[in-house]
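Enquirer: So the sequences go chain by chain: A and B.
FYI, in the UniProt record's numbering the residues of the first sequence are 1 to 576.
FYI, in the UniProt record's numbering the residues of the second sequence are 1 to 576.
Please keep in mind that the hints were generated in silico from the structure rather than gathered at the bench.
Where hints are given, some of them may not hold.
[Claimed, not checked] Dumping the calculated BS3-like pairs for lysine-lysine here, alpha-carbon to alpha-carbon at most 25 Å: (1) A:K77 with B:K507; (2) A:K301 with B:K301; (3) B:K306 with A:K306; (4) A:K55 with A:K155.
2 protein chains.
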Amino acid sequence: MSDAPKEQTLPERPAGEGAAEGEKGPSKNALKKAAKEKEKAEKAAKRKAEEAAQKQAAEANDISKDSYGDLPLIGSKEYTPPNDNRTTLRDIAAKYAGSTSLATEGSSPEVRFRAVVENAREQSAKLTFLVLGHKLDTIQAVVAASDTLSRQMVKFAKNITSQSQVLVHGRVTQPKDEVKSTTIGTLEIQVTKLFVIARAETPLPIQVEDCERPLPEDGTSDAQAQKPEEEAGRPIVALNTRLNNRTIDLRAKLNLSIFTIKDGVVALFSEFLRERGFLGIQTPKMLGAASESGASVFEIKYFNTKAYLAQSPQLHKQMLIAAQFERVFEVGPVFRAENSNTARHLTEFTGLDLEMAFEEHYHEVVALLEELMLYIFNGLRTRYARETELVRRTYRVEEFKLPEAGKVPRIPFSEGVKMLREAGVEIGDYDDISTAQEKHLGRLVLQKYGTDFYVLDKYPLAVRPFYTMPSPETSANPPAEQLSNSYDFHMRGQEILSGAQRVHDAKLLQERMRGMDPPVNPDQPGLKEYVDSFKAGCPPHAGAGLGLERIVMLWLGLPNIRLATAFTRDPSRLSP
Amino acid sequence: MSDAPKEQTLPERPAGEGAAEGEKGPSKNALKKAAKEKEKAEKAAKRKAEEAAQKQAAEANDISKDSYGDLPLIGSKEYTPPNDNRTTLRDIAAKYAGSTSLATEGSSPEVRFRAVVENAREQSAKLTFLVLGHKLDTIQAVVAASDTLSRQMVKFAKNITSQSQVLVHGRVTQPKDEVKSTTIGTLEIQVTKLFVIARAETPLPIQVEDCERPLPEDGTSDAQAQKPEEEAGRPIVALNTRLNNRTIDLRAKLNLSIFTIKDGVVALFSEFLRERGFLGIQTPKMLGAASESGASVFEIKYFNTKAYLAQSPQLHKQMLIAAQFERVFEVGPVFRAENSNTARHLTEFTGLDLEMAFEEHYHEVVALLEELMLYIFNGLRTRYARETELVRRTYRVEEFKLPEAGKVPRIPFSEGVKMLREAGVEIGDYDDISTAQEKHLGRLVLQKYGTDFYVLDKYPLAVRPFYTMPSPETSANPPAEQLSNSYDFHMRGQEILSGAQRVHDAKLLQERMRGMDPPVNPDQPGLKEYVDSFKAGCPPHAGAGLGLERIVMLWLGLPNIRLATAFTRDPSRLSP
Chain A
1 MSDAPKEQTL PERPAGEGAA EGEKGPSKNA LKKAAKEKEK AEKAAKRKAE
51 EAAQKQAAEA NDISKDSYGD LPLIGSKEYT PPNDNRTTLR DIAAKYAGST
101 SLATEGSSPE VRFRAVVENA REQSAKLTFL VLGHKLDTIQ AVVAASDTLS
151 RQMVKFAKNI TSQSQVLVHG RVTQPKDEVK STTIGTLEIQ VTKLFVIARA
201 ETPLPIQVED CERPLPEDGT SDAQAQKPEE EAGRPIVALN TRLNNRTIDL
251 RAKLNLSIFT IKDGVVALFS EFLRERGFLG IQTPKMLGAA SESGASVFEI
301 KYFNTKAYLA QSPQLHKQML IAAQFERVFE VGPVFRAENS NTARHLTEFT
351 GLDLEMAFEE HYHEVVALLE ELMLYIFNGL RTRYARETEL VRRTYRVEEF
401 KLPEAGKVPR IPFSEGVKML REAGVEIGDY DDISTAQEKH LGRLVLQKYG
451 TDFYVLDKYP LAVRPFYTMP SPETSANPPA EQLSNSYDFH MRGQEILSGA
501 QRVHDAKLLQ ERMRGMDPPV NPDQPGLKEY VDSFKAGCPP HAGAGLGLER
551 IVMLWLGLPN IRLATAFTRD PSRLSP
Chain B
1 MSDAPKEQTL PERPAGEGAA EGEKGPSKNA LKKAAKEKEK AEKAAKRKAE
51 EAAQKQAAEA NDISKDSYGD LPLIGSKEYT PPNDNRTTLR DIAAKYAGST
101 SLATEGSSPE VRFRAVVENA REQSAKLTFL VLGHKLDTIQ AVVAASDTLS
151 RQMVKFAKNI TSQSQVLVHG RVTQPKDEVK STTIGTLEIQ VTKLFVIARA
201 ETPLPIQVED CERPLPEDGT SDAQAQKPEE EAGRPIVALN TRLNNRTIDL
251 RAKLNLSIFT IKDGVVALFS EFLRERGFLG IQTPKMLGAA SESGASVFEI
301 KYFNTKAYLA QSPQLHKQML IAAQFERVFE VGPVFRAENS NTARHLTEFT
351 GLDLEMAFEE HYHEVVALLE ELMLYIFNGL RTRYARETEL VRRTYRVEEF
401 KLPEAGKVPR IPFSEGVKML REAGVEIGDY DDISTAQEKH LGRLVLQKYG
451 TDFYVLDKYP LAVRPFYTMP SPETSANPPA EQLSNSYDFH MRGQEILSGA
501 QRVHDAKLLQ ERMRGMDPPV NPDQPGLKEY VDSFKAGCPP HAGAGLGLER
551 IVMLWLGLPN IRLATAFTRD PSRLSP
């Protein structure tokens, strides 16, 4: 480079200072210093030249010189890739772990795969151990100097920074003793070639291995992160630090497991519903009016007017039932402008929504929803046992208890109130149930029915939104003492699903709106089109909204909903 | 009701006016008029009483009085449903259409189902024909007076308003001649009981049957709707009117077909990718900074600060590749604050996104994307043949031509330019290709390769975003003459997928950002976290963003993208 960095040029001596001391030329000290520096520079140059010569000689001597190094930037630099078939750690484990053929002398199959260097440990100048990882799998790799593998290559291996991407060629062997620190402990790779694809900077702001350990307490407070952790005094990373460095945090197998399970819930949800004739839909997230009552909404600048972010697909999914779509579901973001800074609230999360026409009774829909949830739980158990086990072990959480013989307790709200009262909780017949009371009830239900999953049915009408259908059996009661055809589903004492039969008659819907406190105007923009859609003949229907992150959090027993969101959005976080 | 409506009380005579005329009492005329009105009222009361008596007598005589009527509001009113097993039109068709047993005397199986009255036609006082619909199926139902079915019931049937939901009990028979106007033309229902579940108001603002016909031209202009339509002078409904009354418009089988196919694309996309180890993800739609260059973004009021709606999951999906998720995909809304009022732009649409690590060459990813699209096309062909046929017939669109033997033409951009030049189009080697030129090229490719689906590969670097990887073969060229490892996929000459290898090296990425015109600051909020994520070692990767509505529109040959969106959002539409 022609522009030498400024720090290395000699600073000009300020004229004023020198003049004040009356000096005319360099002092003896200065001359001595200059001579010393010259000598130093000459020595450095000589050392550099010697090193270069040594390196050249070493490279000339290096029997492995074509078997390791940094690859050119793949895709951007000219590069002829080796003509090889790649494999993965998963496939190696599937093919060779427990295989007897490997024990035979000389039968070490050659493999080539891309992996992450999780750890490089120098045993001696002749031996480096690597822990290589890919997704949930890790394996030990041995780089041992031999007739065909140089010490230079061993040194290269030990200097690969943790988290670098590498291309490994090697032979699969069985270690003498099972390797305890890797997941594929009965196998080992004898490295023959080793190339760095992308080198990680060092040090990284947080260590991936530290993110494999649980959050302190519920992770809401950074102060708690200062508490000594039980696990042998190793550093623990506070939630905020993890979320600030989320792309490193997410490399933890703990996190990959959580998000594998999260997608599992979406996949199971969608396949169950499509199988039963539901149509996946996409409803608009930008609404012309803040129409649905309840939670606050975010305002958008929309060209020369305002719009609002949808707090749920409620109105539009019902409009599609009115449009005779019969059964619909949606997986999509929902937005809540609530300034709640708790371990269970987000401003953006994923809603799993569904809505369906029914024939005679809304319990047809409740039954389908129970079946849906059991399908998801059983699917998670069988398809994601490894991921579930990894997360629950880390967080020391008990297994999620499912109801025996698939019979989900469907408990009337009034019965839930009775159970709480018998346990000493003060609550009125038509009061809404608080979060603390819900959790209390969860423990009582677990004792009585032996399940972490249950349904509360027939909530008081007054605590539900205007589109909720009143129950026929209390229609003669005063408004404050009426019940509704509504239900919430709970996991470990927390609500994960809220639903109801909806009012499918335009006149009753208008009545319900006007009777709310405060009254809702059925003619206001955004609501008028909704009400009108029921004037053209709409089948009776019911549905539900589920919180995806809540389901993941409670299935796994995570202490904070942020752990079930790749990139958290809460009142104080909009990045990364 | 105690409060009589004001319009029906006699208006008080204004004091001033009467005084001015000097009248002291009612005039002769007024007395005469009052007498006449009294007489009229008496007559009306008499008529009413007679009618009531007749009705009572009729009801007493009505042999069918328990077999028809309006049901109470299901779910909300006390009501004991009949103990019956419901079926659907689809199941009736599957079970009995083409069945020989029906031909046998007396073997008319009894069925019960819910349906929509699409049309009620009175043949005589003894006979009413109904067309009953459910989803894509329609069947003719006969309400015929007999020893067991009263004329009153026949009259009730003919008066059911179009689009009402009904519960039908009947026997399945074979009509003498095939019914031409229904989809299940070889079967007919002999109605035994008929109940209205939800009565539609009449008249509705638009007629569903009118929405079964195609839009005039491309449907962008209301004026075009005034043009006489070819089809026997029946009314045609302009796009805006349809969108204003969308929940009625969507009842058209044409529309149910479009949205069934749309969900088919999502289902095929997801199942193909999950099968190949892709993980479904949810990235945030609210961003702390308007970071990605290109299209304009919508601004959100976020508590005391600002946020922006994501114009794509680009940065976050790449960050998950940096986080070693290896293969990810997302189906979710994307937002574009572009004031484009065309037949192919929306401000909110559904993005199908994917991103994957690869080993040696980005063509590994292009090959997977080609396979993905063929999987979707073939899946649509086999699973949604009926829906596709219905829509294409309505819009008189040719079948979508797929490449022979599944070999998708992968045409270098430079070759595409050459083809256009040979056809007389003026275009520079490194110019971007306009929409009109793309369509022209689409026709040329169809001529040459016989396919509506093809790939353009290696676009000029200058026309692609900063995260695009430059091509190695042109790295020595001046910047304006470099190519990139990027590609667009086209259907019928329109882009439906845009993708590229991404820069996975933090330093090159920063260089690329600074080299843009205008330069992009890699340290700005929102981009810094993105750039940083590549410092920890990231595999080479490539991906793509697909427009769901575009795919549906071009598969079916629809004239306007709004037809592929349940609820349109464009610069002038935010409702319903």
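Enquirer: With reference to the structure, classify each hint as holding or not holding.
Expert: Going through the hints against the structure:
1. Between A:K77 and B:K507 the alpha-carbon distance is near 15 Å, which keeps this suggested pair within the 25 Å criterion.
2. With a C-alpha separation of about 8 Å, the suggested pairing of A:K301 with B:K301 holds against the 25 Å cut-off.
3. Among the hinted pairs, B:K306 with A:K306 is consistent with the structure: their alpha-carbon atoms are about 15 Å apart, no more than 25 Å.
4. For a cut-off of 25 Å, the pair hint linking A:K55 to A:K155 stands: about 13 Å separates their Cα positions.
Every hint, counting from the list given before, is met by this structure.
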